[in-house]
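Engineer: Residue numbers (my numbering), protein chains in the order written: chain A, 92 to 559; chain B, 2 to 318.
Don't read these hints as lab results, they were simulated from the structure. Keep in mind it's a predicted model, so treat the numbers as computed, not measured. We put the beta carbon where it would ideally sit given N, CA and C, even for glycine. Hints may be right or wrong, so weigh each one.
Claimed, not checked - Think about it this way: if two alpha-carbon atoms lie no more than 30 Å apart in a straight line, the pair counts; the simulated BS3-like pairs of lysine-lysine are:
| # | chain 1 | residue 1 | chain 2 | residue 2 |
| --- | --- | --- | --- | --- |
| 1 | A | 469 | B | 80 |
| 2 | B | 12 | A | 458 |
| 3 | A | 458 | B | 5 |
| 4 | A | 458 | B | 140 |
| 5 | B | 228 | A | 455 |
Said to hold, decoys possible - Derived CB-CB ranges, DEER-like:
| # | chain 1 | residue 1 | chain 2 | residue 2 | range |
| --- | --- | --- | --- | --- | --- |
| 6 | A | 320 | B | 139 | 54 to 64 Å |
| 7 | B | 26 | A | 362 | 36 to 46 Å |
| 8 | B | 54 | A | 188 | 41 to 51 Å |
| 9 | B | 60 | A | 283 | 19 to 29 Å |
| 10 | A | 362 | B | 307 | 31 to 41 Å |
| 11 | B | 17 | A | 134 | 20 to 30 Å |
| 12 | B | 139 | A | 184 | 17 to 27 Å |
| 13 | A | 184 | B | 193 | 17 to 27 Å |
| 14 | A | 135 | B | 54 | 48 to 58 Å |
Stated by the list, open to error - Just some of the chain A residues that point at chain B, by a computed CB distance under 10 Å:
| # | residue |
| --- | --- |
| 15 | 319 |
| 16 | 320 |
| 17 | 321 |
| 18 | 379 |
| 19 | 382 |
| 20 | 438 |
| 21 | 493 |
| 22 | 495 |
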Amino acid sequence: MKRVAKPVFFIVALLIIALTASSILGFDTQFGDIKTTRIKGIDDIRWGIDIKGGVEATFRPADGVDATPEQLESARSVIETRLVSSSITDYELYADDSSQRIIVRFPWKEDTTNYDPNEAIEEIAATAKLTFRPGNSYTTVDYDADGNPIMKTPKDETEEILLDGSMITKAEPNVYDDNGKIQYVVSLEFNDEGTEKFKEATTTYLNQTISIWMDDVMLSYPNVNEVISEGKAQISGSFTAEEATALATKINAGALPFSLETVNVSSISPTLGQNSLYAMGIAAIIALCFITVFMIIAFRIPGLVAVIALAGQMSIIIIAVSGYFPVFNSFTMTLPGIAGMILSIGTGVDANILTAERIREELKRGKSLDSAINAGTKNSLSAIIDGNMTIIIVAVILILVFGPFNMLSFIFGLSTTGAIYAFGYTLLIGTIANFIMGIGAARLMLKSISGLKLLRNPRLYGGAKNER
Amino acid sequence: MKDKMLDFYGKRKIFFGISIGIIVIGIICNIIFGVSLDIQFSGGSMISYSYNGSVDENEMKSIIQEKTPDDKVTFTVAKSIASNNADGDGYTLTVQFSGTDTVDTQVQSDILQSLQEKFPDNNFETSEFTSVDATMGLKFFVKCIVAVAIACALMVVYVTIRFKRIGGVSAGMFGLVALFHDMVMVYVVFVIFRMPIDSNFIAVILMILGYSLNDTIVMYDRIRENKAKMGPKASIIDVYNLSMTQCIKRTVMTSITTLAAITSVYVVCIVYNITSIQSFALPMIIGLISGCYSSICIATPLWVIWQLRKKNKEAAK
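So here's chain A without its partners, still in its complex pose (with noise of 0.2 Å):
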């Protein structure tokens, strides 16, 4: 046998323990008041609203109204103005054309008392009121996750109207070339009435700011450098493209042709969310003590090199999930999420059971420690890769299908079950890590352990008890 270096052991074994230290508590430092989060934990895991609570809706055009995919993002881009300007940042929002349907799933705020998804719902579904007032004064400030302002509730002159966003017919974004600078604007037109309104305000305010507003929320603030007469105007300034389609967005909710009617909700209180979260809390720690002592008992070293194992498969998992860095975005976990996290955790036993009851198998027929081992992993080697095989063909399928890539659209239209894409995911990552902790590291720690002189007994690897 190729024995490996017997410090091999110890530096995966700490590096293991390292890691998944590090990704169930996180790390951050605090400096005066400002606390950053250098790497998530645990903690910093996106919950799904069936586990902390909250409310998934899903919206279609009412009376049966067939929207454009313009449209449709702009009613999109309402509820997203909504709740980010409620400090709503962890949500999930999508808006599918093919089956006319907005969906939104969004965790209860904290500071929430009323739970009532009815309440929320409504909020952030109705139809939007986009005005044009006088000035830019505004009551208050909130920023979003990005650290922008968000200015809210017109104060003083800004109370008044000039006009609305009826009064819209179309906003686009558009690029024109001022003498070799791209310029990205966002291009207005108006109806008759408009047109009307629009001249007197650009009238009036000529060279003063008129502020554009979406509900209690104000959009853009331009500046007004000419009367505008003929119906059409542009709003410029140093916008990127991205801004400038966002906000001709906006402004076109304020001018669509339908309301949004809800056609599915689902809500869950935050005490039933946290109470799940907490018993599921304890019984993976009971069930992961009685497989570390079980595992230990059963197989001696080769179960504690399995356990050692099984925490990195495990710490894998919760990085893929958590992102680990706070440059990674977390991924939501719902219920099949952690389904999915405990079948390939469950594989990962069974691989390691495998390989140590091949290699008792190997002691008993009288063969040395050394080849033992040898024998042992590699005699389980294709179990285990084939096993592992078919279940990341399940995971991959679940993934196509349930994910970003919606691979049957064609037949169902786009949809967004996130529930069965998390189990997808998890269960692919875990059979991932699986080959990386179940099958590389163990095997290597196993080798370097069996090097050491006092380790040396057979017994301790399962050998039968005449051996000397």
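Position chain B against the provided structure of chain A, taking the given hints into account.
Structural biologist: What follows is chain B alone, placed relative to chain A:
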């Protein structure tokens, strides 16, 4: 040391009998009780309220029925330890609306408001509210089944290629039979315990899909290895019996660990009365047992029978 060998093949009829027996019981229960699709798939609405202390249930029901005159509404009240507080024991009231239409969110708000007005001291709160459009729910259910079918087909192909030496296609097909067996067992659990077919059912089926096949492959792998070792002259029954004897300890060990994990989830959820996870863990326990059982007692003996028949046919020629 001579490897000892247990006679698994001789007991095949007992194995098949047990499985068929359970399936027959399941079918009978299915005919008697029927099976219900959860509103996630069938469409419909359900609201749960949590409250504390005792409330006149009939009065509570009539308030709700009043607000929903068109609907026949069913009520379930359950104790919930988690929401106990100073105002008394915690309870959960689940209201299920008949029909597969969605219920307006306004109705939900109205009911809560009148409950809170009528029973101001009982802390009525909405704890869960689900309302699903029938066409969307059914589409999702069918999509799940199609995904499972694709995964099954690909796995048979994989097994066929990897186990060519032991009659690939037949190995794949009997692996699939074992898989069906396990899915039926999970279904039987839902029928016998009268749990509606919901997303938990899908999650358990997906998990069993992976687990059962992994287990069957371990058995096939041992047969493949032993067949190569023992040479073409060895009897297939011996190869099977020896392989299973060698694998049985691993199967027991693996089953103990996985079952212990899921059982701890189940027990903790009973203690905290979290029904959503209970109805996930219980079929899972049965599915895991069935997954191990079907590998040793269904897939592989069927494969042996098939191989023997093939041999007889060749001999007859």
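Engineer: Confirm or reject each hint.
Structural biologist: Structure-based check of all given hints:
1. For the proposed pair residue 469/A and residue 80/B, the alpha carbon gap of about 54 Å is over 30 Å, so the pair is violated.
2. Straight-line distance between C-alpha atoms of residue 12/B and residue 458/A comes to about 33 Å, which puts the hinted pair past the 30 Å bound.
3. Pair hint residue 458/A plus residue 5/B holds up; C-alpha atoms about 18 Å apart against a cutoff of 30 Å.
4. Only pairs whose Cα atoms come within 30 Å are accepted, and residue 458/A paired with residue 140/B is rejected, the gap being roughly 58 Å.
5. As the CA atoms of residue 228/B and residue 455/A are separated by approximately 21 Å, the hinted pair is consistent with the 30 Å bound.
6. A beta carbon spacing of about 55 Å between residue 320/A and residue 139/B agrees with the range 54 to 64 Å that was offered as a hint.
7. In this structure, residue 26/B and residue 362/A meet the distance hint of 36 to 46 Å, their C-beta atoms being roughly 39 Å apart.
8. At about 50 Å, the CB distance of residue 54/B to residue 188/A agrees with the hint of 41 to 51 Å.
9. Range check, residue 60/B to residue 283/A: about 59 Å between beta-carbon atoms, so the 19 to 29 Å window is missed.
10. Range check, residue 362/A to residue 307/B: Cβ separation about 55 Å, and the 31 to 41 Å hint is violated.
11. For the hinted restraint 20 to 30 Å between residue 17/B and residue 134/A, the CB-CB distance of approximately 51 Å leaves it violated.
12. Restraint check, residue 139/B to residue 184/A: a C-beta distance of roughly 24 Å satisfies the suggested window 17 to 27 Å.
13. For residue 184/A and residue 193/B, the hinted distance range of 17 to 27 Å is not satisfied, since their beta carbons lie about 41 Å from each other.
14. The supplied range of 48 to 58 Å is broken by residue 135/A and residue 54/B, whose beta-carbon atoms lie about 38 Å from each other.
15. For residue 319/A, the shortest C-beta to C-beta distance to chain B is roughly 42 Å, which exceeds 10 Å, and the interface hint is violated.
16. The beta carbon of residue 320/A comes no nearer than 45 Å to any beta carbon in chain B, farther than 10 Å, and the hint placing it at the interface is violated.
17. Nearest Cβ of chain B to the Cβ of residue 321/A: about 44 Å, over the 10 Å cut. The hint is violated.
18. Against a cut-off of 10 Å between C-beta atoms, the interface hint on residue 379/A holds, since the closest Cβ of chain B lies about 8 Å away.
19. Taking 10 Å as the C-beta cut-off, the interface hint given for residue 382/A holds, the closest approach to chain B being about 5 Å.
20. At a threshold of 10 Å, the smallest CB-CB gap from residue 438/A to chain B is about 6 Å, leaving the interface hint in force.
21. Hint status for residue 493/A: holds, given a least beta-carbon distance of 7 Å to chain B, under 10 Å.
22. Hint status for residue 495/A relative to chain B: violated, with the closest Cβ pair at about 15 Å, above 10 Å.
Hint violations for this structure: numbers 1, 2, 4, 9, 10, 11, 13, 14, 15, 16, 17, 22, all remaining hints satisfied.
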